[in-house]
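Chemist: As given, the protein sequences belong to chains A and B, one line each in that order.
When the letters of the first sequence are read in order and numbered with this note's numbering, they come out as residues 1 to 209.
When the letters of the second sequence are read in order and numbered with this note's numbering, they come out as residues 1001 to 1451.
Treat the hints with caution; some may be incorrect.
As the list claims (entries may be wrong) - Going by beta-carbon spacing under 8 angstroms, a handful of chain B positions derived as facing chain A: (1) M1001; (2) N1002; (3) D1005; (4) R1012; (5) E1013; (6) R1016; (7) V1352; (8) I1356; (9) G1357; (10) A1358; (11) A1448.
Hints were generated in silico from the structure; no laboratory data involved.
For every residue, glycine included, the Cβ atom is placed at its ideal position computed from N, Cα and C.
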Amino acid sequence: MLHDISLEVAEGEYVSLVGPSGSGKTTLLSLVGGLDHPQSGEIRVGGHDLRALSGDGLAAFRRETVGFVFQHFGLLEALTAKENVELALTLAGVSNAVQRHHRATHLLERVGLANRLDHRPPELSGGERQRVAIARAIANSPRVILADEPTGDLDDATAADVGDLLEQLRAEEGCTLVVVTHHRQLAARAERSLALGAGELVEARGALG
Amino acid sequence: MNWRDAVTLAGREIRRRPARAALTVLAVALAAALLCALLAIAGTARTRVLSQLSHGGSLAGISVEPNAPNPAQATLDDPAPGLPRPLTEAAVTQISRLQDVLMVLPIVVAPVELLPPATPPAGSTLCPPTAVGSSTRSCGQGQDPGSAATVTPVLTTSAIGANLGQVNALPITLLAGRLPIAGSGAEVAVDEQYLASLGLTSSHASEVIGTRVELVTFVPATGLATTTRYQTAEIVGVLDEEMTSGDIVAWPKLIETLYSSETPPGQGTAPIDGAIVIAKQLSQVSPVRAAIAAIGYSTAAPVGLILSVGRYLHVVELVLSGIGIVALAIAALGIANALFAAVRERRREIGVLKAIGARDRDVLRVFLLEAGMLGALGGLFGTVLGMGMAAGIAANANAYLHSQGLSGVALSVPWPLPLGAVLGSCIVALVAGALPARRAARLPAREAVDA
Chain A
1 MLHDISLEVA EGEYVSLVGP SGSGKTTLLS LVGGLDHPQS GEIRVGGHDL RALSGDGLAA
61 FRRETVGFVF QHFGLLEALT AKENVELALT LAGVSNAVQR HHRATHLLER VGLANRLDHR
121 PPELSGGERQ RVAIARAIAN SPRVILADEP TGDLDDATAA DVGDLLEQLR AEEGCTLVVV
181 THHRQLAARA ERSLALGAGE LVEARGALG
Chain B
1001 MNWRDAVTLA GREIRRRPAR AALTVLAVAL AAALLCALLA IAGTARTRVL SQLSHGGSLA
1061 GISVEPNAPN PAQATLDDPA PGLPRPLTEA AVTQISRLQD VLMVLPIVVA PVELLPPATP
1121 PAGSTLCPPT AVGSSTRSCG QGQDPGSAAT VTPVLTTSAI GANLGQVNAL PITLLAGRLP
1181 IAGSGAEVAV DEQYLASLGL TSSHASEVIG TRVELVTFVP ATGLATTTRY QTAEIVGVLD
1241 EEMTSGDIVA WPKLIETLYS SETPPGQGTA PIDGAIVIAK QLSQVSPVRA AIAAIGYSTA
1301 APVGLILSVG RYLHVVELVL SGIGIVALAI AALGIANALF AAVRERRREI GVLKAIGARD
1361 RDVLRVFLLE AGMLGALGGL FGTVLGMGMA AGIAANANAY LHSQGLSGVA LSVPWPLPLG
1421 AVLGSCIVAL VAGALPARRA ARLPAREAVD A
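Just chain A, with the same shape it has in the complex (with noise of 0.2 angstroms):
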């Protein structure tokens, strides 16, 4: 549950959420990611209303505003890596076979996986799935990427090529960054951490709105 949050986050930021389980870093990533209603309050994200959105407006706004990056990778095990990629293209509406598989294999290659194309997510290390993950949520060029424990199943090593990956990505799409993590390394990485405790914003380093 979380309350009395009051966040602001510029376009093009890197911030990252820590605090302890049960804290609400998951809750208000999937409020600001449109996958939660809030019981009160307001959201605005990109100009959109999210109070205002429900049914396919929600969808719309997650398919073209967001990208999601989840712990467990959330890939389609019966899909093939470039197959992931190329079902957020469908979902946007990209009906052309062509352009999908063009584009799916160019972020693909953008995210190092130019030779795991055509492999099932259970073929893939736990740094390649992620990484097909990543592909797949910046596939539509959305404005907002939200990581939740992107690196909670890698090891350190592996977590920190994925945290370069963000950063690269971010950096040449020009989107904005939020990641919940418990990884310090990566939490440190972010323009402004914020700390989250029993449903508050209990510190934070950099600008807090």
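Keeping the supplied structure of chain A fixed, place chain B upon it in accordance with the hints.
Modeler: Leaving out everything else, chain B in the frame of chain A:
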């Protein structure tokens, strides 16, 4: 998400759990197979029974007698005819012009005597007198030829001449062989009475095919004298049913050869011995019979019996359909169970789909397609299996019928049956999948991070 992508995703999800998918498809396939086989067999049995009632002819066939109608029994299937009344070609023409009459087949009947072949066919219990004590293979087939043999040198019977090209309209069912070729004056088909006269049972019907029989007629000459005529004909077929009366069936040309001094049937004003009238539909048999009675002829048609038996058979079909539908309902429960399990297992996946922008209807579509695919696959396999089962049962039934000297049944599968089985399986699967698909579609996007 467009349909093509949804189909791809649904297909991949099915392949992800092959054992579950295979079991679900198997359940649907078995149910569809049962339904298909039951209906195919019921349909075939219906055709067979009704065909038996109409002696193999058209269900809408009416037998016109050369008698006046009997008004007191006009509504009976087989009324006692009134006084004799010649059936002329003019009357036949008048009948053929009646509304709702599809065709009229005149029939001529001539008395003949049949001389049995010099050597009885294999399987006969008879021996010609000269064969007693001989060691020929055909004489009694290993029995003591003189002990139980009954010699029937001549069979008095009648020959029926009709246009055998309209075989579907005639009350004829072949036990073995074929009907005489068009216009033949030297081929005949005999019935079981002929077999019996040779000491053969119907299971040995094929033994007489290709043998020759001599037809003898006594044509009136001047005064009390008669002229004896002989005509040899080849037996090409054996009939399962009697055709009105008579033991051999031929084209009218053969009858003309035997009775060349008489006016050929269907020509001039010569009497015709009867006619088969085919109504356009079974429901039009009664009005056509009434119209023929108005022209002045007695008719018979088993329409009442056919309708009555048809109603009973329909009830049997309904019961068999019910059994198949219960099986399909059980299969539907299997589909629903499999999909509910899939929804439980894929909560997070569904949440992720929604997190990356899928709408409720996209998720609904994927799950319904999974159900539909399972149903279609099961329906397809089941239909093939059901047809195979029906064919196997028909083959066994035919083997039994042939062993009993009866003609076999042709498996009758109307084209809507396999199509309906596949479509029905799909629809049942979609209905069964509707609830789990709806549940999946309503899962909140938050499942992506909650699970």
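Chemist: Now, for every hint given, state plainly whether the structure supports it.
Modeler: Outcome of the hint check:
no.: 1; hint: M1001; result: holds (6 angstroms)
no.: 2; hint: N1002; result: holds (6 angstroms)
no.: 3; hint: D1005; result: holds (5 angstroms)
no.: 4; hint: R1012; result: holds (4 angstroms)
no.: 5; hint: E1013; result: holds (5 angstroms)
no.: 6; hint: R1016; result: holds (5 angstroms)
no.: 7; hint: V1352; result: holds (4 angstroms)
no.: 8; hint: I1356; result: holds (5 angstroms)
no.: 9; hint: G1357; result: holds (3 angstroms)
no.: 10; hint: A1358; result: holds (5 angstroms)
no.: 11; hint: A1448; result: holds (6 angstroms)
Comparing the model with each earlier hint shows no violations; every hint is respected.
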